[in-house]
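K.L.:
Chains as they are written, first to last, in my numbering: chain A, 1 to 253; chain B, 1 to 302; chain C, 1 to 295.
These are computed hints drawn from the structure, not numbers from a lab. Be a bit skeptical, because a hint or two may be false.
Claimed, not checked - With a Cα cut of at most 25 Å, we get these calculated DMTMM-like pairs of lysine to aspartate or glutamate:
#1 C/Lys15 to A/Glu169
#2 B/Lys12 to C/Asp18
#3 B/Lys206 to A/Glu60
#4 C/Lys168 to B/Asp147
#5 B/Lys104 to A/Asp18
#6 B/Lys104 to C/Asp172
#7 B/Lys296 to C/Glu116
#8 B/Lys12 to C/Glu112
#9 B/Lys213 to C/Glu242
#10 B/Lys293 to C/Glu165
#11 A/Lys88 to C/Asp18
#12 C/Lys106 to B/Asp147
#13 B/Lys206 to A/Asp81
#14 B/Lys206 to A/Asp118
#15 B/Lys15 to C/Glu242
#16 B/Lys200 to A/Asp216
#17 B/Lys200 to A/Glu138
#18 B/Lys105 to A/Asp118
#19 A/Lys119 to C/Glu112
#20 B/Lys15 to C/Asp6
#21 B/Lys15 to C/Asp262
#22 B/Lys296 to C/Asp18
To be verified - Quick partial rundown of chain B residues pointing at chain A, CB under 7 Å, derived from the structure:
#23 Val10
#24 Ala198
#25 Gln202
Claimed, not checked - Computed spacing ranges between beta-carbons, pair by pair:
#26 C/Phe113 to B/Ala66: 34 to 42 Å
#27 A/Gly250 to C/Ser109: 27 to 35 Å
#28 B/Leu50 to C/Cys196: 56 to 64 Å
#29 B/Thr33 to C/Asn17: 47 to 55 Å
#30 B/Gly297 to C/Ala41: 26 to 34 Å
#31 B/Leu50 to C/Met198: 38 to 46 Å
#32 A/Asp81 to C/Ile20: 13 to 21 Å
#33 B/Ile109 to C/Gly141: 30 to 38 Å
#34 A/Tyr238 to B/Gly297: 56 to 64 Å
#35 C/Ile20 to B/Gly297: 30 to 38 Å
#36 C/Lys288 to A/Asp81: 32 to 40 Å
#37 A/Asp141 to B/Thr41: 24 to 32 Å
#38 B/Leu132 to C/Ile20: 23 to 31 Å
#39 B/Ile109 to A/Gly79: 40 to 48 Å
Remember, predicted model here, so these are calculated numbers, not experimental data. Using N, Cα and C, we set each Cβ at its ideal position, and we do this for glycine too.
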Amino acid sequence: MMETAKIKVKKLNLYYGDNHALKDIDIKIRPKAVTAFIGPSGCGKSTFLKTLNRMNDLVENVKIEGEVLLDEKDIYAPGVDTTILRKKVGMVFQQPNPFPMSIYDNIAYGPRIHGIKDKRKLDEIVEESLRGAAIFDEVKDRLKKNALGLSGGQQQRICIARALAVCPEVLLMDEPTSALDPISTSKIEDLMEDLKKKYTVVIVTHNMQQAVRVADDTAFFLLGELIEFRETKLLFSYPQDKRTEDYITGRFG
Amino acid sequence: MKNKAKINAVEKTAKSIFMICAVIAIFAVCSITIYMIAKGTPALKSVGVLKLLFGTSWAPTANEPAYGILYIILTSIVGTAASVLIGVPVGLLTAVFLTEISNKKLAAIVNPAIELLAGIPSVIYGLLGLMLLNPFMYKMEKMIFEDSDTHKFTGGSNLISAVIVLAIMILPTVVNVSASSLRAVSANLRAASYALGASKIQTVFKVTIPAAKSGIMTGVVLGIGRALGEAMAINMVAGGSVQIPLPFNSVRFLTTQLVSEMGYAEGVHRQVLFTVGLVLYIFIMVVNLVLQKLRKGANTDE
Amino acid sequence: MNDNRDLSFQWNRRKINDVILYALIYICASLSVVILVGIIAYVFIRGVGSVNIGFLTSVTSVLKGTVGIAGNIVNTVLIIFLTMILATPIGVGAAIYLNEYAKPGKLVSLIEFATETLSGIPSIIFGLFGMMFFGQTLGMGYSLITGSLTLILMVLPLITRNTQEALKTVPDGYRQGAVGLGAGKWHTIRTILLPCSMPGIITGVILAIGRIVGESAALLFTAGSAKALPKTLTGIFSKIFESGGTMTVQLYLSATSEGDFDTAFAIAVVLLILVFLINIGTKKLTKKYDVTREK
C-alpha cells in the first residue's frame with residue numbers, strides 16, 4: 001500500500017503500571033497524507049498517538065517497549081532529545097489550550113523557545129502560521145489581544161497555528177474537533193486538506209464520518225490492539241475484520 | 001402549638017447569637033480604626049504635619065525635642081522592599097521546586113520544613129539574628145568602614161540583618177501561596193508547551209509562572225504585609241538609631257520604634273508614637289485593600 | 001532544512017540556561033531546609049543544657065539563686081485558656097452564621113471583609129489597640145485579661161476560617177436530611193454540623209494556640225512581663241487581673257534588656273518543642289479531615 005513511510009512503528013507495547021494498554025502495534029504512516037485512528041473510547045488510540053511524540057513520558061509509571069522510527073531513526077533510542085523530537089512532531093489537543101497571553105505571543109512561543117529573537121522574523125512566522133491555519137484574516141487586527149477572548153473554534157485554529165510555527169514535519173491531532181461546534185469543525189476539516197500538502201497529519205477521532213471525510217488511511221483500534229489499517233475508502237467499504245465491520249456499522253462503540 | 005412556639009423562639013435566639021458573633025469582627029475593625037485615628041492625629045497638630053512626617057531629626061528627650069519620623073517611614077519602606085526582593089525569588093523558586101520539579105520524597109522533606117519555619121515564633125528569629133547575624137555583620141562592618149571617619153559603628157545591628165531576618169520570615173507565606181497557585185495551572189497548558197518542544201524549565205518560566213501570576217502576586221502582597229508588620233524579631237537585630245536606611249546603618253522601623261519606646265514614652269513623645277502607629281496602620285490597610293482586590297480579581301478569572 | 005539534524009541531545013545556549021535555573025531552584029529549595037535545620041540545631045545546642053525540671057518548675061529569683069520559667073508557663077497557659085474559651089465560641093458562631101444563616105449580601109461581604117482585614121493586621125497594632133482600649137479606656141491595665149481580650153481579636157479570623165472550611169465540606173445532603181426529618185436549624189447545627197466539622201474547628205483552635213504561644217508584640221503592652229508565680233490556688237484567679245509575661249515575652253526580655261542568653265535559648269528550646277507538637281497535631285487532624293472529605 002505504501003513504499004515510503006514517515007513513521008514506522010514496530011512491536012510497540014505500552015503499560016500503565018500493570019495495565020497493558022497497547023499491544024504489539026505495527027504500523028507505517030505515509031508522509032504528506034492524513035492518517036486517522038478510530039475506535040471506541042478507551043481503545044488506546046489517543047495513547048498511541050502520544051507515543052509518537054513521547055508525550056507519554058510525562059505520565060508516571062509508563063513503560064514502553066518496541067520501536068518508533070521517525071525517518072528511520074528510533075525516537076525511543078537512548079540520548080534522544082525530546083525537545084527536538086517534539087519540534088518535529090507537533091501536536092494539537094482535544095481541548096483548545098491557548099496560553100493565557102496575546103495571540104501573537106501564543107504563535108511566537110514555539111519559535112522563541114527554539115531561539116528565534118529577531119522581531120521581523122517572528123512577525124513573518126506568526127503571519128505565515130496564522131495563514132497556514134486559516135485564521136489570519138479573522139485575527140490580524142487583534143494580534144495583541146488575549147487569545148482566551150476568541151471562540152472555541154478560533155482558539156483551536158490558534159493552537160494549530162501555534163503548532164505550525166515551529167515548522168514541524170508531522171502534526172498529531174488528538175480529537176481536535178470534539179469540543180467544537182459543527183461550523184468550526186468543518187473549518188478545521190477543510191484546513192486539513194491544505195495541511196497535508198506540507199505535513200504528515202495523524203488524527204485521532206471518534207467520529208467515523210470525520211475519518212471518511214478527511215483521512216487517506218484509517219486505522220481501527222480495539223482494546224489496545226490495532227485491528228485493521230488500510231486506505232480509508234477500502235476500510236469503510238470492505239472491512240476485512242469482523243470487529244471492524246461491527247464497529248463501522250455501529251454495532252458497538 | 002406551644003412547643004412549636006418554643007422551638008421558634010430557640011431558633012430565633014440561636015440565629016441572633018450567631019449573628020452577634022459574626023458582627024464582632026466588624027466592630028473590632030471599626031474600633032481599631034477609630035482608636036488608631038483618634039490617638040494618632042493629635043501629634044500632627046501639636047508637632048505639625050510637616051515637621052513630624054518629613055522631619056529627619058528624632059530627639060524626643062532633648063531640651064528642644066524634635067519628632068521627625070521621615071527616616072523611620074523610609075526604613076520601613078526600604079527594609080520591606082529589600083526583604084521582598086530577596087524573599088520572593090527564593091520563595092517562588094522553592095514553590096517551583098515543590099510543584100514542578102521535586103519527586104514526592106524530596107517534597108516530603110522540603111514541605112514540612114517550610115511549614116515549621118512558618119510556625120517558629122518571631123522572637124526566636126530575632127534571638128538567632130542577634131547571636132549569629134549581628135556578629136558577622138560587625139566583622140563585615142569593621143572591614144568595610146575601617147578607614148571611615150563618618151560611619152557610626154553599630155556592632156552589627158543594622159538594616160541588612162533586619163532585611164535577612166524579614167526575608168526568611170516571609171519565605172513560608174510566599175512559598176505556600178505561590179505553590180498553590182502554580183498547582184492550579186491547568187495541565188493542558190503545560191502539555192501544550194511540551195508539545196512545542198519546550199523543556200521543563202522553559203515551560204515553568206514561560207507558561208506556568210505567567211499563568212499563575214495573580215496568585216503569585218497575592219503571595220508577594222501577603223509577604224509585604226508580613227514584613228511591614230513584623231516587630232519583635234527585627235527590633236532585636238536592627239539597632240536603635242533613627243537614621244537614613246543604608247545597609248550598615250543602625251535603623252528604626254515603624255514597628256521597632258513602637259516596641260522600643262512605647263514602654264516609657266510620655267506626653268508629646270507618646271502622641272508621636274501613636275502617629276507612628278497610625279502611619280503603619282495606613283500602610284497595612286493599603287496592603288490589605290490591594291490584597292482583597294487581587295483575590296477578587298483571581299476569583300472572577302476562574 | 002532540519003531534516004537531517006539528529007534527534008540526539010546536544011548542548012546549546014538554552015540547555016545551559018536550563019541547567020543554571022535548575023541549580024538555582026535546587027539551591028533555593030534547600031535553603032529553607034538548611035535554615036530550619038540550622039535554627040533547630042543551634043537553638044538546641046545552646047539551650048538544651050539549661051532545660052531541666054528546676055528550670056520548668058521554679059521562678060527566677062536573685063534571692064533564692066534560682067532560674068526558671070514556671071511563672072511564665074502558668075501565664076502562658078492562663079492566657080491560652082482565657083483567650084480560647086471566648087474566641088472559640090465567637091469564631092465558630094461567626095462561621096456558622098456566615099455559612100448556614102446569612103444570605104449573600106452587604107452584611108456578609110462586610111463581615112468577610114472585616115475578617116480578612118483582621119487577619120492582615122500585624123500584632124503590634126493589636127498590642128497598641130489592646131493597650132489603649134482594654135488597658136486604659138476600660139481600665140484593665142497590664143493584665144492577663146487585657147492580653148487575652150486583645151488576642152481574641154487576633155485569633156478570631158483563624159477559627160472562623162477553619163470552621164467555615166469544615167462546614168463547607170459537610171455534604172448538603174446531611175442538612176436536607178435533617179430538615180426533612182423535621183429538625184430545626186439549630187438542632188441540625190448542634191447534632192450534625194458541629195460534630196461533622198469538629199476536626200476543622202479543632203485545627204483552628206490548635207493553630208490559634210500556636211499563634212498565642214509564639215506571640216510577643218501584642219502581649220508586651222497588654223499583658224506585661226511579670227514572672228512571679230501565683231502563691232495560692234485562688235491566686236490563679238486574681239492573677240487574671242494582674243500583669244504576667246508569657247514564655248515568648250520572657251524570651252524577648254531575656255535576650256534584650258536582661259541580657260540573659262542562657263535563659264533565652266532555654267525558652268527557645270521549649271517553644272520549638274511546642275511548635276513541633278502543634279505542627280504534628282494539626283497535620284494529624286487535617287489528614288483525618290481529608291479522609292472524611294473523600295468519603
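K.L.:
Which of the listed hints are broken here?
P.N.:
Numbers 2, 4, 6, 9, 12, 15, 16, 17, 18, 19, 20, 21, 22, 23, 27, 30, 31, 33, 36, 37, 39 - these are the hints that the structure violates, sorted from lowest upward.
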